[in-house]
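A.B. asks: If you want the building blocks of each chain, they are given just below.
Number of protein chains: 2
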Amino acid sequence: MLSISQRGLQMPSSPIRKLVPYAEAARKKGIKVYHLNIGQPDIETAPAILDAVRRADFKVLEYSHSAGHETYRRKLAEYYQRSGIDIRYDQIIVTTGGSEAIRFGFMSCLDAGDEVVIPEPFYANYNGFAVEAGITVKTAGSSIESGFALPPIEAFEKAITPRTRAIMICNPNNPTGYLYSREELEVLKQLIIKHGLYLFADEAYREFCYAGEHFSAMKLTGVDEHVVLMDTVSKRYSACGARIGAFITRNKQILDTAMKFAQARLSPPTYGQILAEAAVDLPSDYFDATKAEYQKRRDLLVSRLNAMPGVFCPNPGGAFYAMARLPVDDADTFCQWLLESFADNNQTVMLAPASGFYADRSRGANEVRLAYVLNTEDLSRAMDCLEKALAEYNR
Amino acid sequence: MLSISQRGLQMPSSPIRKLVPYAEAARKKGIKVYHLNIGQPDIETAPAILDAVRRADFKVLEYSHSAGHETYRRKLAEYYQRSGIDIRYDQIIVTTGGSEAIRFGFMSCLDAGDEVVIPEPFYANYNGFAVEAGITVKTAGSSIESGFALPPIEAFEKAITPRTRAIMICNPNNPTGYLYSREELEVLKQLIIKHGLYLFADEAYREFCYAGEHFSAMKLTGVDEHVVLMDTVSKRYSACGARIGAFITRNKQILDTAMKFAQARLSPPTYGQILAEAAVDLPSDYFDATKAEYQKRRDLLVSRLNAMPGVFCPNPGGAFYAMARLPVDDADTFCQWLLESFADNNQTVMLAPASGFYADRSRGANEVRLAYVLNTEDLSRAMDCLEKALAEYNR
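If you read the protein sequences in the order shown, they are chains A and B. In case it helps, the numbering used here puts the first sequence at residues 1352 to 1746. In case it helps, the numbering used here puts the second sequence at residues 1352 to 1746.
Since the hints were made in silico from the structure, they are not lab data. There may be inaccurate statements among the hints.
Because identical chains cannot be distinguished in the list, a pair is counted as satisfied if it fits within a single copy or across any two copies.
Derived lysine-lysine pairs resembling DSSO-like cross-links, with alpha carbons at most 30 Å apart [to be verified]:
| hint | residue 1 | residue 2 |
| --- | --- | --- |
| 1 | K1379 | K1426 |
| 2 | K1410 | K1380 |
| 3 | K1410 | K1426 |
| 4 | K1489 | K1570 |
| 5 | K1545 | K1410 |
| 6 | K1410 | K1369 |
| 7 | K1509 | K1380 |
| 8 | K1570 | K1642 |
| 9 | K1509 | K1739 |
| 10 | K1509 | K1369 |
| 11 | K1426 | K1642 |
| 12 | K1380 | K1489 |
| 13 | K1383 | K1647 |
| 14 | K1509 | K1570 |
| 15 | K1509 | K1647 |
| 16 | K1540 | K1647 |
| 17 | K1642 | K1489 |
| 18 | K1642 | K1540 |
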């Protein structure tokens, strides 16, 4: 008989989506909602790369090569070389967003029933891709007290089983903003060698580091066969709608395998590739302004949060997220209340309850993720709202 | 230890790709290769829709809604309404190509180990999506003698097991070009009702029908919960690189489930959606010229093929493919020979051996698929080559 698949039932809804109807209802009541809940950057896309699309000149909008335009792959290799990441163009498969790169990794390296170990909290959509692939996410817990530093090696050892095939890391981290150090990457290196595991590195936020240099997993030596880089231009160039990512590995067998998945879906989007190719030629100081802007916002956000009674927010070293512990029992309820029952000067704020980023439901209940994707003025107003809301909520 | 996943090993390579190195070698020898092997249309993309992309005006290239821009979904619903297909915008999820629509269907309706029944021969990439989803493709054989009409109901009954969840049909068909009649669709309707199955309808070539009207599976009455339409603008508007398709169903539960998969990958490509939205507003006679061109080519191709000694090519009613039986033992060997060892006037032709479209390896050994994606002059020259090649090969 007709039924939904089990994996369809298991497939998690977006943890942020649950609150959307409440935000819409608030807007309908005339309340302005400051959105700190989503990772959609407000930074303007560089006009030069939008123009590259406008100037594109062809008669037929054809499929590209399944691995992506060779011209773009060669350019992208230049970008990595400039970042000190030694990658050749033929070690790159251009993907439809970073999402597809993750999917290709899960599909190529793991079978149904296999396991991937991820530091917790983690990007919620990893769960979705895991359900699609029929694999199990095991976690090693990181804590807000340590600023979400790499969990101790014992936590990984405890999570690793005979079915473990990979460790996955997002660096800098979504949702925590934590920037893993070279030393932490070296710890992971020892683990993947010892247990014969892949290391999946999601480095979507590579260019946004405020507490030192980014150390890419691709810079680890002696583990060429282990490391798969899952990348995207979405955040880097504020070009989320381009849907262009990359699956990168020096492991030829894995690359060839991922290529078969790439061939089945024919090709990544052509326009996005044109835009992304132009992006590599943006001036060398292109990221400076964006980074400075994000850093200013981070500083404002973190200092405002920590000045609120009972709030604790470790200072994130990268990306554009911060996690904060609030003086509430249940952040899900509080975030809904913010939208449903609170307004200050006809304004409120939308946050992402952290529960959606934890597999262990007993953790993170009083934490929220804040994306600093608003200018400092709006961010400051949003913090006013949150401060008043917490006072009112706890009265 | 590090290894490729079993599904990665099982994942089929593109059946056409095997010949690519031979085509490249031929080109390097200075031989012109007429490509009848791939479904990349040569028809120019309408300038008006390319212009729509050039005129797009926004500051931030944002994620779209996971189901696609609402403006595009509303437009697309208009397109279906005009085609007599009663679909509302909120029954549509915009996908990244038709490929993703197929993936969403497999993932939402079937679990690993479940089965889908497809008339054979079939579009080879269905195999790839089946491997990704861990499902099994069972076939009901159609034959070149009948022009690849719907296999008899007994063939379906024989293929259906307790694990069968869906029947899948591509109409008009890739690779055969066969246009299923309303009567044939009604036969499938009885089957899906009797066995409680989904009907997946891939209608990528809907607009290219030469032997009567297209009858969409969406027009079947009383099976709203059963039918899932998997569509794409790739061939319709010669816009393969846009990567825009659609997952469409009146089954709310399935739509909601597919939506969770859509949310995990965030959004379909923005530029492609802009182009596809503009395409709906192309003049009402837009398809006439393209259809007339394809029909002219089909007529030329089919008559030339059937005039060759020992060749049989049923007249396809739609799409831009034809299947032909050649007077050779093994079409794979012959197609390779065409590229490796044959040239007429320094020209040769590349065909797709049909073996890649059959699950049953004993079938289709002497058949090829020809895509008529060349203008009639080139097509005629390609037929000259093939005719001479067959004579030489069989000497």
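A.B. asks: Hint numbers the structure violates, sorted upward?
C.D. replies: Failing hints, ascending: 5, 7, 9, 10, 12, 15, 16 and 17.
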